[in-house]
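Asker: So you can see what is in the structure, the chains are spelled out below.
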Amino acid sequence: MSIVGEAAPAAGSNPWWPTPYRVERRVAETGDTVTLTLRAPTGTAPPAFAPGQFNMLYRFGVGEAAISIAGDPARPTELVHTVRVAGKVTESIAGAAPGETVGVRGPYGTGWPMDDLPGRDVVVVAGGLGLPPLRPALLAILARRERYGRLEVIYGARSPKDLVFYDEVQAWRRRDDLRIQVTVDAAGRDWYGDVGLVTARLPDARFEPARTSALLCGPEIMLRLTARALEQAGVPPERIFLSMERNMKCAIGLCGHCQFGPDFVCRTGPVFPYAAVRDRLDRREV
Amino acid sequence: MAPNAVGERRRLLRADFPAFLTALRERGYRVVGPTLRDGAIVLGEIRDETDLPIGWTERQDAGTYRLVRRDDAAVFGYTVGPHSWKKYLFPPRERLWSAVADGTSFRLEPDAAEPVADAFLGMRACDLAAVRISDRVFDRTAPDPGYHGRRRRTLRIAVQCGGAAPTCFCTSMGTGPGVGSDHDLALTEIVDPGPHRFLVEVGSEAGAAVLDRVPTEPAGAADVAAAEAAVARAAAEVGRHLDPAGVRELLLDHPDHPRWADVARRCLSCTNCTMACPTCFCSTTEEVPSLAGDRTEKWRRWDSCFNLEFSQVHGRPVRQSGLSRYRQWLTHKLASWHDQFGSSGCVGCGRCITWCPVGIDLTEEVRAIRADPTAVAPPEAAP
Numbered sequence: 128m129s130i131v132g133e134a135a136p137a138a139g140s141n142p143w144w145p146t147p148y149r150v151e152r153r154v155a156e157t158g159d160t161v162t163l164t165l166r167a168p169t170g171t172a173p174p175a176f177a178p179g180q181f182n183m184l185y186r187f188g189v190g191e192a193a194i195s196i197a198g199d200p201a202r203p204t205e206l207v208h209t210v211r212v213a214g215k216v217t218e219s220i221a222g223a224a225p226g227e228t229v230g231v232r233g234p235y236g237t238g239w240p241m242d243d244l245p246g247r248d249v250v251v252v253a254g255g256l257g258l259p260p261l262r263p264a265l266l267a268i269l270a271r272r273e274r275y276g277r278l279e280v281i282y283g284a285r286s287p288k289d290l291v292f293y294d295e296v297q298a299w300r301r302r303d304d305l306r307i308q309v310t311v312d313a314a315g316r317d318w319y320g321d322v323g324l325v326t327a328r329l330p331d332a333r334f335e336p337a338r339t340s341a342l343l344c345g346p347e348i349m350l351r352l353t354a355r356a357l358e359q360a361g362v363p364p365e366r367i368f369l370s371m372e373r374n375m376k377c378a379i380g381l382c383g384h385c386q387f388g389p390d391f392v393c394r395t396g397p398v399f400p401y402a403a404v405r406d407r408l409d410r411r412e413v
Numbered sequence: 027m028a029p030n031a032v033g034e035r036r037r038l039l040r041a042d043f044p045a046f047l048t049a050l051r052e053r054g055y056r057v058v059g060p061t062l063r064d065g066a067i068v069l070g071e072i073r074d075e076t077d078l079p080i081g082w083t084e085r086q087d088a089g090t091y092r093l094v095r096r097d098d099a100a101v102f103g104y105t106v107g108p109h110s111w112k113k114y115l116f117p118p119r120e121r122l123w124s125a126v127a128d129g130t131s132f133r134l135e136p137d138a139a140e141p142v143a144d145a146f147l148g149m150r151a152c153d154l155a156a157v158r159i160s161d162r163v164f165d166r167t168a169p170d171p172g173y174h175g176r177r178r179r180t181l182r183i184a185v186q187c188g189g190a191a192p193t194c195f196c197t198s199m200g201t202g203p204g205v206g207s208d209h210d211l212a213l214t215e216i217v218d219p220g221p222h223r224f225l226v227e228v229g230s231e232a233g234a235a236v237l238d239r240v241p242t243e244p245a246g247a248a249d250v251a252a253a254e255a256a257v258a259r260a261a262a263e264v265g266r267h268l269d270p271a272g273v274r275e276l277l278l279d280h281p282d283h284p285r286w287a288d289v290a291r292r293c294l295s296c297t298n299c300t301m302a303c304p305t306c307f308c309s310t311t312e313e314v315p316s317l318a319g320d321r322t323e324k325w326r327r328w329d330s331c332f333n334l335e336f337s338q339v340h341g342r343p344v345r346q347s348g349l350s351r352y353r354q355w356l357t358h359k360l361a362s363w364h365d366q367f368g369s370s371g372c373v374g375c376g377r378c379i380t381w382c383p384v385g386i387d388l389t390e391e392v393r394a395i396r397a398d399p400t401a402v403a404p405p406e407a408a409p
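Chains as they are written, first to last, in this note's numbering: chain A, 128 to 413; chain B, 27 to 409.
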């Protein structure tokens, strides 16, 4: 980060300062979702991240939004974010062309329990834009596939047009060391896959509940129903992990927006064990 | 005159009080404290003693506040007004940074503003407790540079209360009316029996350095006794109570208590309680670009959990009902605050009671839930 003048303290010493990153690649995932690959300023690397963490992405003159890191942890020099247009800030981030600048603060929050997973069956359930935050965990598992038990992925989207990382998902379908079920809420005749909720795909997933850890990311209703179904299937609730979403302004536990009971989702989340949040998840408007 | 030492007690005559204000300014402080404005005792800059509400007090109760004349010339003969010191440590609007466009990138600009050292004159015991809490709140992931930058330079001049307002309940929260030890100077005003004077307790080297420039004498036993009597009088006057025992569990374990719906019918979601509260810290950020688009500023401003858009995710608020927003505020303040910051978020100052336009009293709400924790809504009110 370039800071002019003597009055400014050292770069990075202020938690509110974004660092300017250059957009290297921009891939349209769907009609309203793009994946950006960002490069840190010359001579620096992005800070190390844990799968499941997020950054605050910033556009000059527009504002900031909390966006999960979607990249491969084995490729630490590039920072990858998948952004869906939901308002003027995400519209500006998603519209950033190669060569343009996106400010970055982070990474923030807790990650997926990667240390808990070796030796266990892993069930990954993603709803809609829940896939990008799970992608770093999936890539880390696939990189050392032999360390894990069965790997079951269930990925649901609104329609076939809303599937992200389509080519990669297709490649995963061809692998014999993981099973992936893709389902959509609604589709036309050109869709040969499943139609319905991700929970409807769970009975077809092969895993041994007692030795399973589950990673869930998606709309809150999907998290609630999927976590409940997994627990009923016998997966220990402390081995079911879900990534929560709340309004976020600061990402450093100061602004109060992301409170979920006693938790600041930006600090003790976004990844929570189901056992810790079940009561709150079952209650409306917490 | 021998320099003052931490822990020392001195007598400052009322006649020498202007010299005390002068000494603060000579030490480089901007003095802020209680002053009369818009029919209330608020906090503002104190240029000389005529800016202080000498001879005034207030009558306050749930939803009401009126200034009244005292029958003496006490300098600090009132309690707390609508403002708290957070307006200085955590300003309602604050520029976090500014940046200029730099080709396709941007460059952060250094902040040229000269840091101001404030002397907070007239902090009550509950105010000191609120700052102790805020010190922890603004030091979560990383110390907030704005808050802690100002906080480090702040001189805390406490005033021990000699009386209590009907809305005060510091004795319940264990925060007052006497001050503890985390002040730079602590004053207790003694009007009667005369002479009109202050007992000054030195709490820090910075406080001592100010007092060294002011004519004082060693305090006598009569001064100490009169100050203790004043604090005891204030404690005895406290008429509101909130039993803090088990409040955390009481509120968290009964989220469906019918009292939440009852208070939600009265609450206007106006945010006054959160603005007046000395510990409420919620904020939002705003991007303020120049019209030409070559420069931009990031601002922080106070926000409130009572605002509908506060909890918005994908265009829909998580907490839609007024019930859920009041419940969020009270359970955060009195319950989950313990989990987050190791104490209650309430210091018993009573500001939220006085400044609630419909006079909602959190001590009353807690009492109602405690009276019948397992109450259920009557069938006709059930959804």
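Any given hint could be a false lead.
As the list claims (entries may be wrong) - The following label-pair restraints were derived from C-beta to C-beta distances:
1) Ala224(A) <-> Pro270(B): 17 to 27 angstroms
2) Val296(A) <-> Gln338(B): 27 to 37 angstroms
3) Leu352(A) <-> Gln338(B): 15 to 25 angstroms
4) Arg63(B) <-> Lys288(A): 26 to 36 angstroms
Unchecked claim - Chain B is nowhere near these chain A residues, computed Cβ spacing over 12 angstroms in every case:
5) Thr146
6) Val154
7) Gly170
8) Gly214
9) Arg302
10) Asp304
11) Leu305
12) Pro336
13) Asn374
14) Pro389
Quick caveat, the hints were computed from the structure, so don't treat them as lab data.
Glycine residues also receive a C-beta, built at the ideal position from the N, C-alpha and C atoms.
Asker: Give a verdict on every hint.
Answerer: Against the structure, the hints come out as follows:
Here the CB-CB span from alanine 224(A) to proline 270(B) is close to 57 angstroms, at odds with the stated 17 to 27 angstroms. Distance hint for valine 296(A) and glutamine 338(B): a CB-CB separation of about 31 angstroms, consistent with the stated range 27 to 37 angstroms. Judged by the Cβ atoms, the range 15 to 25 angstroms given for leucine 352(A) and glutamine 338(B) holds: they are separated by roughly 23 angstroms. The supplied range of 26 to 36 angstroms is broken by arginine 63(B) and lysine 288(A), whose beta-carbon atoms lie about 60 angstroms from each other.
Here threonine 146(A) does not stay apart from chain B, with its beta-carbon only about 9 angstroms from theirs, under the 12 angstroms limit. For valine 154(A), the shortest C-beta to C-beta distance to chain B comes to about 20 angstroms, beyond the 12 angstroms cut-off, and the non-interface label holds. The non-interface label for glycine 170(A) is consistent with chain B: the shortest C-beta to C-beta separation is roughly 15 angstroms, beyond 12 angstroms. Look at glycine 214(A): its CB is around 8 angstroms from the nearest CB on chain B, not clear of 12 angstroms, so calling it non-interface is violated.
With a least beta-carbon separation of about 33 angstroms from chain B, arginine 302(A) lies farther than 12 angstroms from that chain, consistent with its non-interface assignment. Aspartate 304(A), annotated as away from the interface, keeps every beta carbon of chain B farther than 12 angstroms; the closest lies near 35 angstroms. For leucine 305(A), the condition that its CB be more than 12 angstroms from all CB atoms of chain B holds, with the nearest at approximately 30 angstroms. A cut-off of 12 angstroms between C-beta atoms confirms that proline 336(A) is not in contact with chain B; the least separation is 31 angstroms.
Distance to chain B contradicts asparagine 374(A) as a non-interface residue, since its nearest Cβ pair spans about 5 angstroms, not more than 12 angstroms. With a minimum CB-CB distance of about 4 angstroms to chain B, proline 389(A) fails to clear the 12 angstroms threshold, and the non-interface call is violated.
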